[in-house]
Amino acid sequence: MEFKVPTMAELMAAGEEPEILFWVGCAGSYDERAQKITRDICKILHHVGIKYAVLGTEESCTGDPAKRAGNEFLFQMQAMTNIEVLNAYNIKKIVTGCPHCFNTIKNEYPGLGGTYEVIHHTQLIQDLINEGKLKAEGGESFKGKKITYHDPCYLGRGNGIYEAPRKALEVLDAQLVEMKRCKSNGLCCGAGGAQMFKEPEKGNKDINVERIDEALQTNPQVIAAGCPFCMTMLSDGIKLKDKEQEVKVLDIAEITARANGL
Amino acid sequence: MVAQILFLVLTLAAIALFTVNLRKIIRNIRLGKPVDRQDQPQKRLMTMLRVAFGQSKMVVRPIPAFLHFFVYIGFVIINIEVLEIMIDGLFGTHRIFNGLGGLYNFLIGSFEILAFTVWVSCAIFLVRRNILKLKRFSGVEMKSWPKSDANYILITEILLMSAFLLMNAADAKLQLLGASHYVNAGAFPVSQYLINILPSSESALVIVERSCWWFHIIGILAFLNYLPYSKHFHILFAFPNTYFSNLEPKGEFTNMASVTNEVKAMLDPSFVPAETEPGKFGAKDVTDLSWVNLMNAYTCTECGRCTSVCPANITGKLLSPRKIMMDTRDRITEVGQNIDKHGAEHQDGKSLLDDYISREEIWACTSCNACVEACPVNIDPLQIIMELRRFAVMEESQAPGSINAMLGNIENNQAPWKYSPADRFNWAQES
Chain C
1 MEFKVPTMAE LMAAGEEPEI LFWVGCAGSY DERAQKITRD ICKILHHVGI
51 KYAVLGTEES CTGDPAKRAG NEFLFQMQAM TNIEVLNAYN IKKIVTGCPH
101 CFNTIKNEYP GLGGTYEVIH HTQLIQDLIN EGKLKAEGGE SFKGKKITYH
151 DPCYLGRGNG IYEAPRKALE VLDAQLVEMK RCKSNGLCCG AGGAQMFKEP
201 EKGNKDINVE RIDEALQTNP QVIAAGCPFC MTMLSDGIKL KDKEQEVKVL
251 DIAEITARAN GL
Chain A
1 MVAQILFLVL TLAAIALFTV NLRKIIRNIR LGKPVDRQDQ PQKRLMTMLR
51 VAFGQSKMVV RPIPAFLHFF VYIGFVIINI EVLEIMIDGL FGTHRIFNGL
101 GGLYNFLIGS FEILAFTVWV SCAIFLVRRN ILKLKRFSGV EMKSWPKSDA
151 NYILITEILL MSAFLLMNAA DAKLQLLGAS HYVNAGAFPV SQYLINILPS
201 SESALVIVER SCWWFHIIGI LAFLNYLPYS KHFHILFAFP NTYFSNLEPK
251 GEFTNMASVT NEVKAMLDPS FVPAETEPGK FGAKDVTDLS WVNLMNAYTC
301 TECGRCTSVC PANITGKLLS PRKIMMDTRD RITEVGQNID KHGAEHQDGK
351 SLLDDYISRE EIWACTSCNA CVEACPVNID PLQIIMELRR FAVMEESQAP
401 GSINAMLGNI ENNQAPWKYS PADRFNWAQE S
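So the protein lines, in turn, are chains C and A. Heads up: the first sequence is residues 1 to 262, going by full-length UniProt numbering. Heads up: the second sequence is residues 1 to 431, going by full-length UniProt numbering.
One thing to keep in mind: the hints can contain errors.
[Unchecked claim] Calculated lysine-lysine pairs in the DSS-like style (CA-CA distance at most 30 Å, straight line):
no., chain 1, residue 1, chain 2, residue 2
1, A, Lys135, C, Lys36
2, C, Lys51, C, Lys4
3, C, Lys183, A, Lys135
4, C, Lys180, C, Lys43
5, A, Lys57, C, Lys180
6, C, Lys198, C, Lys135
7, C, Lys146, C, Lys248
8, A, Lys418, C, Lys183
9, C, Lys205, A, Lys418
10, C, Lys93, A, Lys135
11, C, Lys43, A, Lys57
[Unchecked claim] Sample of chain A residues facing chain C (criterion: CB under 8 Å; computed from the structure):
no., residue
12, Leu176
13, Leu177
14, Ala364
15, Arg390
No lab work stands behind these hints: they were computed from the structure. The model shown is predicted, which means the values in this text are computed figures rather than measured ones. Backbone N, C-alpha and C fix where the C-beta goes; we use that ideal spot for every residue, glycine too.
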C-alpha cells in the first residue's frame, strides 16, 4: 500500500474519530483474492479523502456463518464481543465489503445492543459517484466492455439492494448485460448459509457451476461481483471452465479503483 | 317444501362439518410457539391487500398469473351468485335478486363470462399438469395425493362451472317458453350458445335446470369441506398468511432471546437473567416451530415456485422447499390426529426432523431466500430449515464435520478459517 491504513486504536490515541469505520470481514482479511478487494476499498476511501479507520486485529468474525449454521450461541458471543468493541470506539457509521457482514451488523446487531448506520461498499461508491467524487476517469477504460453483474443474495434479496452496484457499473459506459436470473430472481453462488465452509450435498451439479454457465451465456468480458464469497465461487467456476483468459471476475470496488486509476 | 328442508339440512351440515375441521386446524396452528406478529397493523394490511388481494407476486410468471387471476376473480365474485342460490334454496324463491333489473342482468352476464374464463383457465391448468407435464409440478413430493389433489380441484371447478352454465341455459330456455316460476331475468352471454343442445320439452328442461342447480350448490358445499384436507386451503389462508408474514428484511434472522440471556451471563458474571422457562433450542418437531411456520404449512398450495428457484434443488440436491412445507403440514396434521385420538400428552415417537425431513435436506440450504421471494403468499420455508439446523447444532451437536471445524475456528480464532487473529491485519502490509 502506498499509504498507511489507519486503525481505530491509532485514531483514538490521537484523540480523533473517523467519519466511517471500514469493517473488513474475515474473507477480506485472510482470503488472498478478497484482500485485493479490501485494499481497493481502502484506495477508494483514501482517494476521495474520507476519514476512515479499520479495527485491524481488534476485528473478529461477525458470527454470520455460525448463525446460518444454526449455532446461535456462538453467533451471539461473537456479536456481543464485537458490539462492545464498536460501542467502546463510539462507532456510528460502518462500511463493509462483505454482504454477510453487512446483513448481520445492519439487521441482527441492533437487537443485541449495537445500532449503527451500515452501508455496503457498493452503496458508498454509488454515493461518491452521485457526489461527483468518483468519475471513472484516469484509469483503465471499461468502455464498451460486456459486463454482467451477479447479485449476492444477502445484498439483493436479503436487503433489497440492487441499484447501487449497477449504478457503479453504469458510469463505466460499458455494455451491461443481465443474466436470465438476476435481481430478486438472482441465483445464489452456492456459498451462503455456511455452505462456503463445507462440501456441497450430492447432486448433479455444483451451484457455482450452474451460475457460471448462466453467466457465460451472456458472453461477458467481466463478471462483476460484490461479495467475497461470490468472488471465490465464481472464480472457481471460471477456472473449471478454463475461461480465465477471456473472462475476469472482478469486484465492483476493483472495477471502480481500476477505472479511476487508483 | 321438502326441497327447502333438504337444502337447509345440507347447508347446516356442511357448515358444521367445515367449522369442526377449521377449528381443528386452528387448534393445530396454536400448538406452535408464540411469535409476535401484531405490530405495524397498517403495513400488514397493505401487505395483505397487495400480495393476497392484489396477487402482486403472481405476476412474476405471466401465463399462470393471467389464468389464476380469472379463477381467483371468478371465485370472489361468484360468491354473490352463491348468496342468491342460498336465499332461493331456503325460501323456495327463484332468482330473488331479479328486482335489481338492469343491474341483475349485468351481474348474471358477468358471472357467465367469469364462469367461462374459469372453465377455460382450469382446462389449461389441467393440460399444463397432465399433458405438458411442467417440471414445476413434479418432484419426489408430488406423488399420489398431492398430484391427484390438484386434478380433483381443477376437475371439480370445471364441473361446477359447467353446471352453472347449463343451469342458466335451461333457465333461459324456460324463460323463452314462458314457464311459470321461471321469471324473465338475467342475461346469458355464454349459456345462450348451449340452448340448442338442451331438450325442448318444459318438463325435461326443469329437470336439467334443477339438477344443475342442486349439483352446483351441493358441489360448492362439498368443495368447502374438501378444503381442509387439500392444498386448496390457500384460498382462505392466503389472507391471514400474508397479513402475519415477516416484515423485516429477508436477510435478518431472529436473535434467540433465550440465548441472549445465557450469553450475557457468560460475558458479564454480574448479569442476572430474567427467569425464562427452559425450552428446546431450535426445532425437532412441529410443536417447536412457531404458529406462523405452521400457518405457512396450511397455506401452501404446492405450486412449487419455491422449489423451482431453489439453487440446491436446481442442481439436483435433495432439498425442496415445497417438500419442507408439505412435510410440516403432514406432521402437524398427524400430531393433531394423535391429540384427537389419544389426548394431548400422547407421544408417537416421531418427529419432523429425521422422520419427515432428512439432515441432508437441511444442510443443502444456502439460505439465499429465493424460496421466500418466490412464494406468492409469503411463506417462509427457510425459517423452518434454520430452526431444524439450530436443533441439530445446539441440542445435538450434530453438524457435518466441516461445519464443526468452521465453528471451532470461529470459537478459537475469531474467524471461520484457521488463521491466527494476530495475522488479521496483514493485508495492509502487502501491496
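(request) Take a quick look at whether Lys180/C and Lys43/C sit within 30 Å of each other, Cα to Cα. (result) 33 Å, violated
(message) Hinted pair, alpha-carbon criterion (30 Å max): Lys183/C, Lys135/A. Please report holds or violated.
(response) Satisfied, since the Cα-Cα distance of roughly 23 Å is no more than 30 Å.
(request) Given the hint that Lys205/C pairs with Lys418/A, test it: the Cα-Cα distance must not exceed 30 Å. (result) 28 Å, holds
(request) Would you check the hint for Lys51/C and Lys4/C, treating anything up to 30 Å between C-alpha atoms as holding? (result) 12 Å, holds
(message) Does Lys135/C sit within 30 Å of Lys198/C, going by the straight-line distance between their CA atoms?
(response) Distance ~40 Å between Lys198/C and Lys135/C Cα, so the pair is violated.
(message) Checking one constraint from the list: CA of Lys93/C to CA of Lys135/A, max 30 Å. Satisfied?
(response) 47 Å, violated
(message) Hint Arg390/A vs chain C: min CB-CB distance below 8 Å?
(response) 4 Å, holds
(request) Assess, step by step, whether the Cα of Lys135/A is no farther than 30 Å from the Cα of Lys36/C, and give holds or violated. (result) 42 Å, violated
(request) Double-check Leu176/A for me: the hint is only fine if its C-beta lies closer than 8 Å to a C-beta in chain C. (result) With a closest approach of 54 Å, the Leu176/A hint is violated.
(request) Decide if the proposed pair is consistent with the structure: Lys43/C and Lys57/A, CA atoms, cutoff 30 Å inclusive. (result) 42 Å, violated
(request) Would you settle whether the hint for Ala364/A is holds or violated, based on the nearest Cβ-Cβ distance to chain C being less than 8 Å? (result) 4 Å, holds
(message) Hint check: Lys418/A vs Lys183/C, CA-CA at most 30 Å. Holds or violated?
(response) Violated, at about 34 Å.
In summary, the numbered hints that this structure violates are 1, 4, 6, 8, 10, 11, 12, 13.
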